[in-house]
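Please model the complete structure; the sequences and the hints are all you need to start from.
Taken in sequence, the protein lines are chains D and Y.
Following the working numbering from start to finish, the first sequence increments by one per residue and tops out at 373.
Following the working numbering from start to finish, the second sequence increments by one per residue and tops out at 119.
Hints are computed from structural coordinates only; laboratory data are not their basis.
Each hint should be verified, as a subset may be incorrect.
As the list claims (entries may be wrong) - Coverage of chain D stretches by chain Y, computed from C-beta distances (three or more under 8 Å per stretch; other residues unrestricted): (1) 35-41; (2) 297-310.
Said to hold, decoys possible - BS3-like mimics (lysine-lysine), calculated; alpha carbons at most 30 Å apart, straight line: (3) Y/46 with D/355; (4) Y/57 with D/19; (5) Y/98 with D/210; (6) D/46 with Y/57; (7) Y/96 with D/355; (8) D/355 with Y/98; (9) Y/57 with D/210.
Beta carbons are placed, not taken as given, at the ideal position from N, Cα and C, and that holds for glycine.
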Amino acid sequence: MADLLQTPLYDLHLSLGAKMVPFAGYAMPVQYPMGVMGEHTHTREKAGLFDVSHMGQVIIAADDFETAARALETLVPVDILGLGVGRQRYGFFTNDAGGITDDLMLANRGDHIFVVVNAACKVADIAHMTDNLKGVRVTEVADRALIALQGPAAEGVLATLDPKATQMRFMDVATLTLQGAECWVSRSGYTGEDGFEISVPAAQAEALAKTLLAHDDVEPIGLGARDSLRLEAGLCLYGHDIDTDTSPAQAALGWAIQKVRRTGGARAGGFPGEKAVLSEFALGPARKRVGLLPEGRAPMREGVMLFATPEDDTPIGQITSGTFGPTVGGPVAMGYVPSQYAPTGTTVYGELRGKRLPLTVSALPFVPAKFKR
Amino acid sequence: MKYTEEHEWLRAENDLIIVGITEHATTQLGDIVFVELPAVGTTVAKDDEVVVIESVKAASDILAPIDGEIVEVNEALGENPALANDDATGAGWFFKIKPSNPAQMDGLMDEAAYNAFIA
Numbered sequence: 001m002a003d004l005l006q007t008p009l010y011d012l013h014l015s016l017g018a019k020m021v022p023f024a025g026y027a028m029p030v031q032y033p034m035g036v037m038g039e040h041t042h043t044r045e046k047a048g049l050f051d052v053s054h055m056g057q058v059i060i061a062a063d064d065f066e067t068a069a070r071a072l073e074t075l076v077p078v079d080i081l082g083l084g085v086g087r088q089r090y091g092f093f094t095n096d097a098g099g100i101t102d103d104l105m106l107a108n109r110g111d112h113i114f115v116v117v118n119a120a121c122k123v124a125d126i127a128h129m130t131d132n133l134k135g136v137r138v139t140e141v142a143d144r145a146l147i148a149l150q151g152p153a154a155e156g157v158l159a160t161l162d163p164k165a166t167q168m169r170f171m172d173v174a175t176l177t178l179q180g181a182e183c184w185v186s187r188s189g190y191t192g193e194d195g196f197e198i199s200v201p202a203a204q205a206e207a208l209a210k211t212l213l214a215h216d217d218v219e220p221i222g223l224g225a226r227d228s229l230r231l232e233a234g235l236c237l238y239g240h241d242i243d244t245d246t247s248p249a250q251a252a253l254g255w256a257i258q259k260v261r262r263t264g265g266a267r268a269g270g271f272p273g274e275k276a277v278l279s280e281f282a283l284g285p286a287r288k289r290v291g292l293l294p295e296g297r298a299p300m301r302e303g304v305m306l307f308a309t310p311e312d313d314t315p316i317g318q319i320t321s322g323t324f325g326p327t328v329g330g331p332v333a334m335g336y337v338p339s340q341y342a343p344t345g346t347t348v349y350g351e352l353r354g355k356r357l358p359l360t361v362s363a364l365p366f367v368p369a370k371f372k373r
Numbered sequence: 001m002k003y004t005e006e007h008e009w010l011r012a013e014n015d016l017i018i019v020g021i022t023e024h025a026t027t028q029l030g031d032i033v034f035v036e037l038p039a040v041g042t043t044v045a046k047d048d049e050v051v052v053i054e055s056v057k058a059a060s061d062i063l064a065p066i067d068g069e070i071v072e073v074n075e076a077l078g079e080n081p082a083l084a085n086d087d088a089t090g091a092g093w094f095f096k097i098k099p100s101n102p103a104q105m106d107g108l109m110d111e112a113a114y115n116a117f118i119a
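Dropping the structure here:
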């Protein structure tokens, strides 16, 4: 793993006994001695600390927020201009065909936009923004770590360092001083739990992580549990559940495109692939991302082909994420099916080790979100 | 107790052989969430895929360590696959096989050889 990048918490992961794996060019902890099931359950019941420093942190600045927002709206089909100061929102980049090239979080931090993008896409995303955003400065924030603290105990733990944490609501962003470090904090995450994502100067990251971990309620959580947590929460993993071959309508991400950017809205369109994206919402997509609950206990993972019947030769779709959901207590999956098979309760069949086994189309999320709204 | 390079353990019980996977294997696999066992009465040959294990991470095949007939499987693993993690060489056993060629046992590793193998 010599050629892999390391986050500022690399040494801490090793000292905690993490099993390190390559992920998006970084050496990342996939699990700690507690194990994936234990880490998952601990996060749902108390609090988990995740190193997400491999993700890309980017500042988009101009003379004022409005100029930066108008520019970024040319690449991202969500309402950025209408985002209040200290608020964050989910979005994605589209390409000319209306496919998704990455998903991201973007925040109005007063005089600039703070963006967090996926690790595997960050080089391309930054080039994309640098090349296509006129009149703004696109700056990668390479000197900060990103730590997520997730779970019902997260608020109480973070409040011991700065009581202002309790005043934040879901998707608020604020600057908190944590152990003397200026941290850019959002009340968000990717587990379906209440929690925070904390951008902390790299030099102070390990000390902050150690302080958080010293709390009885906090355990370190690896990528393995991060995946089962986000899947139970019905959240997409870029490169698996969404990619350049999937559109916002197919991915059931219409909720992320506010009215103002849709047909008839004041700032309708104006992003790559606008015609394809907006007309697909109007006409209805031919296929949709759905939740899938396999019967029995055997997990059905990414790549499992889906069929309308136990006998059909031609698949109708496939699973894009699947694992065992520790909180659900059984296997959970997401995948794409033709829209006529998308209603909740529809039975489809997955081919696993030569056998066709039934799955039920299920509403997402599998585990109710516990955001503090 | 005998061991295979596939990290199975075999323990004689009268004229049957009990088969499971080692603690080393279950630690490597992580939390086991599903075990698909063969049907009782199945005749298997050495290296046939006989059990599928799903951990939180991935699916793994377990190969028959010797030739024989499956005479009993550990039904408790169906409801509680974590038994394989919690008690790999005891309550987490997979199946009992009636060997058709008991001499195959002689080619397997003993505990010292297995410990050296995984070291």
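Hint compliance check: list the failing hint numbers for this structure, sorted ascending. The structure conflicts with hint 5 only, although it agrees with all the remaining ones.
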